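Use the sequences and the hints to build the structure in full.
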Amino acid sequence: MGSELVLILVVIAGFSFDFTNGFHDTANAMATSIATGALKPKVAVILSACLNFAGAFISISVAATIAKGIVNPDVLAGGSGLQLVLAALIGAMTWNLITWYFTIPSSSSHALIGGVIGATIVATASHEVNWHNLIQTVIIPAVLSPFIAGGVAALGTYMAYRLIRRLGQREARTGYRYGQICSASLVSLAHGTNDAQKTMGVISLALIAHGDISAAHFSVPLWVKLGCALSIALGTASGGWRIINTMGNRITNVESPQGFAAESSSAAVILASSYYGYPLSTTQVVSGGVLGAGLGKVGSRVHWNVIGQMLSAWVLTMPGAGVLGGLAWAIADLFGAHSNAGAIVIVALAAAGAFGLWTLAQRNNITPEDLDRTSVTPVEEAVMSGVPPAVAAA
Amino acid sequence: MAILASEFINWTALWKIVVAALLGGAGVVIVFGFLLVGVKIANNAKDGGREWAGYALAGVCGAFCVAVVVVGIYAMVNKPSSKKPAPKKTAAALIAPSGRSSL
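Protein chains in written order, with the working numbering: chain A, 1 to 394; chain B, 1 to 103.
Everything labelled a hint here was simulated from the structure, so no lab data went into it.
Mixed in with the good hints there might be a few duds.
Heads up, incomplete: computed chain B residues facing chain A, CB under 7 Å, no partners named [stated by the list, open to error]:
hint, residue
1, Ile17
2, Lys40
3, Ala42
What follows is a set of in silico ranges between Cβ atoms, one per label pair, in the way DEER data are often shown [as the list claims (entries may be wrong)]:
hint, chain 1, residue 1, chain 2, residue 2, range
4, B, Lys46, A, Ser312, 55 to 65 Å
5, A, Ala361, B, Ala45, 32 to 42 Å
6, B, Asn78, A, Asp212, 25 to 35 Å
7, B, Asn43, A, Asp370, 48 to 58 Å
8, B, Thr12, A, Ala54, 30 to 40 Å
9, B, Ile73, A, Thr374, 24 to 34 Å
10, A, Leu222, B, Val69, 23 to 33 Å
As the structure is a prediction and not an experimental result, all values here were calculated from the model.
For every residue, glycine included, the Cβ atom is placed at its ideal position computed from N, Cα and C.
In structure tokens, the structure reads:
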């Protein structure tokens, strides 16, 4: 049994991680809708926040698991389980903030898994980690998911632009904007369902390790469900404008048919993979979808340097969060593996680091007003995409 | 290399995902495009027959899109991790030593 104080810190860290998960992943659902002017930025994130909140309550009979099949369960539920989960959450949250500062969309799920693995390796040994399952259930899907979503989005975009010849630019732009809002909403709902449950699983695990709830008759307490749903919704509503800018504007210049193709493809891949038990990272799926939508339109320009930065961040996410999780554990362990002091110190360090990154980010802050495209005309939109004004006006 | 790939890649789930993604992703985009075409035909129609044909096309395409959204929500509600397993005696109820992780 761990101490009450450490349990409280785990719960606070869990909700904080969910908050970072929310603002980090708002871009997955809403970046393209904002970039094409289908929705005003603030309206988009509030809509996404509501759907994330609702999604957290869908299919919650069992909370999703953390590092299931990858880390020996006895380690996390054992005597040092609370401190280990705390270190893992701090590692994941700090990595999320670092990638947010560098405006790079990266997987919060991979960060959490990396944090758990890093803390586990430092706390125990690498033989407590099932590397085969890690490759099979995390690494391989991470490599495949952008290609699947990208291929589907490229095909959808190519076909959409063939149909647009029959429609005309104005009708297509307006029509696909409505479709975009619907498909982005579905991605938001799916995100709430998948991601809020992960933190529910983490906090419930801490409650089991502390002896508050029974593993044999396990159910997620209502306050945990509400807290996680509220945290992810508040995080989503807070914007994450830096990553929205990258996803919506820096990968390629997204038009409404491309946005609709990217979001529909992403929603289909996420929901199908979730249903068939082959879970993928929402961030990587949507990034692949946006890239595919860029490639699917003839003449559209893809910024490969941004894709390169994202790929680097994806490769580094698990090791990076792992190092941070391991470091958090090592610092806490200096004060004794079961001491309150160690837990307080790593939480204080994480809070100071978060404040430092937030302060640095204010120097080149991106506001919702910078991203608002609702008043952009079709001609301006086409010019941004590289189409000559005369063609765009036709 | 092929043995390694088959050991690490769940091809059974993968091909189902690709088919579902093609239908639900690219399929919806194409059908939604025909919905817009149907609306345009109906709006520009100069006779009643053409107008109804346009609306019929839009209606069928709209029904397909709505059906895909309903199937998506069904998949969300009925995904494997939402099904209640038999109670276990240890924390393995939360973290099993084998099986698939939920990202």
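Against the structure, the hints:
1. Ile17: Given a least distance of 5 Å, the restraint on Ile17 (chain B) holds.
2. Lys40: 6 Å, holds
3. Ala42: 12 Å, violated
4. B:Lys46 <-> A:Ser312: 55 to 65 Å: Holds, at about 58 Å.
5. A:Ala361 <-> B:Ala45: 32 to 42 Å: Cβ of Ala361 (chain A) to Cβ of Ala45 (chain B): about 54 Å, so the range 32 to 42 Å is violated.
6. B:Asn78 <-> A:Asp212: 25 to 35 Å: For Asp212 (chain A) against Asn78 (chain B), whose Cβ atoms are near 30 Å apart, the range 25 to 35 Å holds.
7. B:Asn43 <-> A:Asp370: 48 to 58 Å: With a Cβ separation near 36 Å, Asn43 (chain B) and Asp370 (chain A) fall outside 48 to 58 Å, so the hint is violated.
8. B:Thr12 <-> A:Ala54: 30 to 40 Å: Given range 30 to 40 Å: holds, Cβ gap about 32 Å.
9. B:Ile73 <-> A:Thr374: 24 to 34 Å: Holds, at about 28 Å.
10. A:Leu222 <-> B:Val69: 23 to 33 Å: Given a distance of about 29 Å, which is inside 23 to 33 Å, the answer is holds.
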